[in-house]
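Protein chains in written order, with this note's numbering: chain X, 1 to 286; chain V, 1 to 286; chain U, 1 to 286; chain Z, 1 to 286.
None of these hints come from the bench; they were simulated from the model. Remember, predicted model here, so these are calculated numbers, not experimental data. Keep in mind that a hint or two might mislead.
[Stated by the list, open to error] The calculated lysine-lysine pairs, modelled on BS3-like cross-linking and capped at a C-alpha distance of 25 Å, are:
#, chain 1, residue 1, chain 2, residue 2
1, U, K99, U, K202
2, V, K99, V, K202
3, X, K254, Z, K202
4, V, K254, U, K254
5, X, K202, V, K99
6, X, K202, X, K72
7, Z, K99, U, K202
Number of protein chains: 4
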Amino acid sequence: MSVSPATVILQLICPDRSGLVSELTGWVSANGGNIRHSDHHIDAGAGLFLSRIEWQLEGFGIPRDAIAAAVKALADRLGGQFDLHFSDELPRVAIFASKQSHCLLDLLWRVRSGELPMQVPLVISNHLDLESVCDGFGARYVHVPASRDNRADAEARILELLADYEIEVAVLAKYMQVLSGSFLERFPTVINIHHSFLPAFKGAQPYHRAWERGVKLIGATAHYVTEELDDGPIIEQTIAHVSHRDEVSDLIRKGRDTERLALARALRMHLCRQVMVYGSRTAVFA
Amino acid sequence: MSVSPATVILQLICPDRSGLVSELTGWVSANGGNIRHSDHHIDAGAGLFLSRIEWQLEGFGIPRDAIAAAVKALADRLGGQFDLHFSDELPRVAIFASKQSHCLLDLLWRVRSGELPMQVPLVISNHLDLESVCDGFGARYVHVPASRDNRADAEARILELLADYEIEVAVLAKYMQVLSGSFLERFPTVINIHHSFLPAFKGAQPYHRAWERGVKLIGATAHYVTEELDDGPIIEQTIAHVSHRDEVSDLIRKGRDTERLALARALRMHLCRQVMVYGSRTAVFA
Amino acid sequence: MSVSPATVILQLICPDRSGLVSELTGWVSANGGNIRHSDHHIDAGAGLFLSRIEWQLEGFGIPRDAIAAAVKALADRLGGQFDLHFSDELPRVAIFASKQSHCLLDLLWRVRSGELPMQVPLVISNHLDLESVCDGFGARYVHVPASRDNRADAEARILELLADYEIEVAVLAKYMQVLSGSFLERFPTVINIHHSFLPAFKGAQPYHRAWERGVKLIGATAHYVTEELDDGPIIEQTIAHVSHRDEVSDLIRKGRDTERLALARALRMHLCRQVMVYGSRTAVFA
Amino acid sequence: MSVSPATVILQLICPDRSGLVSELTGWVSANGGNIRHSDHHIDAGAGLFLSRIEWQLEGFGIPRDAIAAAVKALADRLGGQFDLHFSDELPRVAIFASKQSHCLLDLLWRVRSGELPMQVPLVISNHLDLESVCDGFGARYVHVPASRDNRADAEARILELLADYEIEVAVLAKYMQVLSGSFLERFPTVINIHHSFLPAFKGAQPYHRAWERGVKLIGATAHYVTEELDDGPIIEQTIAHVSHRDEVSDLIRKGRDTERLALARALRMHLCRQVMVYGSRTAVFA
């Protein structure tokens, strides 16, 4: 990944009107940017224009440090909001886990193999079980006991850690704890993997309930976390076939693969800035 | 299909105990039956044994007319319930439709091409739109207006038709009407296609709600109809990928393919007696 | 489909260089075009830039009749090639069939239901079997016997028909005949459905060979036809699961569904001008 | 896994004739065996009967040590061949790897999480790269340099290791070396993962060739190894969607997931004795 030439990635959402594609790409080109990807989406119902433009940093006429300010002026003119990212900056991500290792390990492996452009300086867990899993991956494992009774304290401690480690994204890799609205206000970029095909089987024990319902497919959903449980914008969904032969334990086993895949794909698309959230939905330019 | 030698298909459910596979297959063999398929499933939690045995009619020692009585004695001994079917008998099926043609047409085509071993002497619809669709397929099209206000009358008329035409199975091919519990008591074998991945989006307008929720996969579910809406035993589920580019109308378009496939597969498996219902679940020996 | 406002769709391929996205979209906007979709792809290895831009016809400053000339001047300046299409023009498509009806019928249905924006004035077959299938769909069915011995004559007759009926696209819906290179030179836009997951099982009897090989998945491939058999640019591929229980006849049955889906999707994307061919590959902006 | 009561699994292949299901299951029951699974398949073309019967060890009338001899007598009587397995015996498996870690790590994780009922005392590699990957998994890592020039010596060394470690199954987890016919004669049970949808792209660099061909789906195939390269009986195949945006490196990345899944599923089915090989095909009772 690091061998690709560095690029600038702009994500912008603004009210739709004629001429926006041309105006945005014209601005990049006028400043000497060599555009590599240019994706746009109009949500006619919402009256919104979404744009993702990626261009080479080398040769761009505006100095790296000044790009954000220049883009802000552009976005203000369009009445829009933006995110700006440089592909050679690896975001600092914290992984939250509980007792199940499969998603945590899968993400750490993918980082090591170069599939996920990020750093993982911090792993937070409400249990001690997975400490050894992180060995050799360079992440500090911090045990923050969490339960319904001490949630406020635990979240305060976690927010402190996220600040200390300068974390940009939190990934709930089977964390099994609900984060409060006040937590999310202070740290909004959280990606979760839920072990069902949302909106089916929100909440606890989806595999048990899927078995009882007798479904023929199970699923997993990676989504941004919002205060409303299992209701945030969906990034990716995967499924697996099941049959009457499968016990709940088989659903759990098969589900681990769909969970790992959905979470890894969603996170990669997020890190590559291919996901744009608007309202309760996402546009995914992949 | 008609060229395969005729077979006898026995489906039996009884309390589980040791020796049942041997006892059942031994009974078939002892009577000269050449077994072609033998599938069994034990639901340990429910304490149930499910069995599907298919053997060649030719050479079987019990006369065709006497097989049902002999099987009944066997099932009684095991405290079980059974269904018996001869593969050379084409069940008489009624298709229920409303205004959308895709499932109706798909089923008629599959019958003609030999994919679905059944006859369709009767098509019932609460609208006139699809009458011409049935031309050339040999089915009588009967218009039975149905609305919330006249449901009892409409259902009475439909039950009459089902009796007159000696219908064994009703298929709701996008019928869009709810059947009452009393209807189902009198005519229990009804297969429906619901245009969502149940239990997500039960009820009305699942594609609109799927679009609003921003899912990345849509689905269709073929299931046996029970009094509780969209809650009957699931036979087959299919999915299709969607993206932010897809409007509700695209979900509807893509959904038609998943609906057709799920319904056709489920119906074929039902007709081939590969589906066994127990409690709210199915075992599918396919 | 016809209710959407008419759009202009430009597909352009040219040598890659900096500034092309901006230049193309700028040209559209400068002429008053309200862009609805703007998709681009750079094939770095081939040094090619591919672009698909769709804008509203209403309000565009260049008169409909003059757009092609204006675009030609633009494309010439960029050293590129282009296709121009108006969404309110329904292309005239000929479907070629042989004895199997499933793909032919599926396409005719989809036209009638509004899924495929095209007209089908002509169906060509080397057999008489499917004539009645076309009843009620408004297509003329022309029987052109074809075999290895009379291929030149048959192709001459077909080219005449394609000219007479002003056909733009030919779709081989299980036509089972090879078209010669000289035919393709004179009529190049031909889409075929091959009943395997290309490049596996090129040529004859792919299902028989798939069964013998013992594969666990079968596939279908919709592709543009080139002189080299089963080697043209791929538009869409679909798969179906098979098991040891499936005989060759089951593969053929299951395959019909994958064939129908792959062909219908590919054709729709072609008609919506979402497919661009370059070299032996396609970019699909869907 | 270890908590399930131990079972006996019998796999038997013999010439087909009437009465076999009854005879086999009758033999189990007559000896007090409580059958949990009973699956059979008749290959009419080959005239073969395949059977997999699984029953509880506890309560079975024949002593564990004597079951093999008793089954042999039964199989001889039927002119068949059999495999016998006890579910509480964990087979000793050697994993062969080269430089890529994803399949090796995936398998080790699945063993640790209880998904794969096996032991891995030995990892063989022709490179040193992955030695540290095995840390903490209890496998000895043995470096056996292998190239075209020293194949005979390398294979001799490997056969020695397989014997010393009492290995029953070898899994080629991206081993990238061809095993000779004489090796396979002496150690026949070898499962390989090939990174294409066989029979497409046999041999070297399938992802490069898939990219050049412009396919829309890539695949992976887990199969038993035979002397003929990439031609052995297929156990499992998986696929992933690709688009024109994907470079060869993206195909390789996406392919890793399909490879891991296909290999893990195939190996699990092999270990659960759900796979039966006959001729160049497999029956998979899963």
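Comparing the hints with the structure gives:
no.	hint	verdict
1	U:K99 x U:K202	holds, 20 Å
2	V:K99 x V:K202	holds, 20 Å
3	X:K254 x Z:K202	violated, 29 Å
4	V:K254 x U:K254	holds, 19 Å
5	X:K202 x V:K99	violated, 34 Å
6	X:K202 x X:K72	violated, 39 Å
7	Z:K99 x U:K202	violated, 34 Å
Hint violations for this structure: numbers 3, 5, 6, 7, all remaining hints satisfied.
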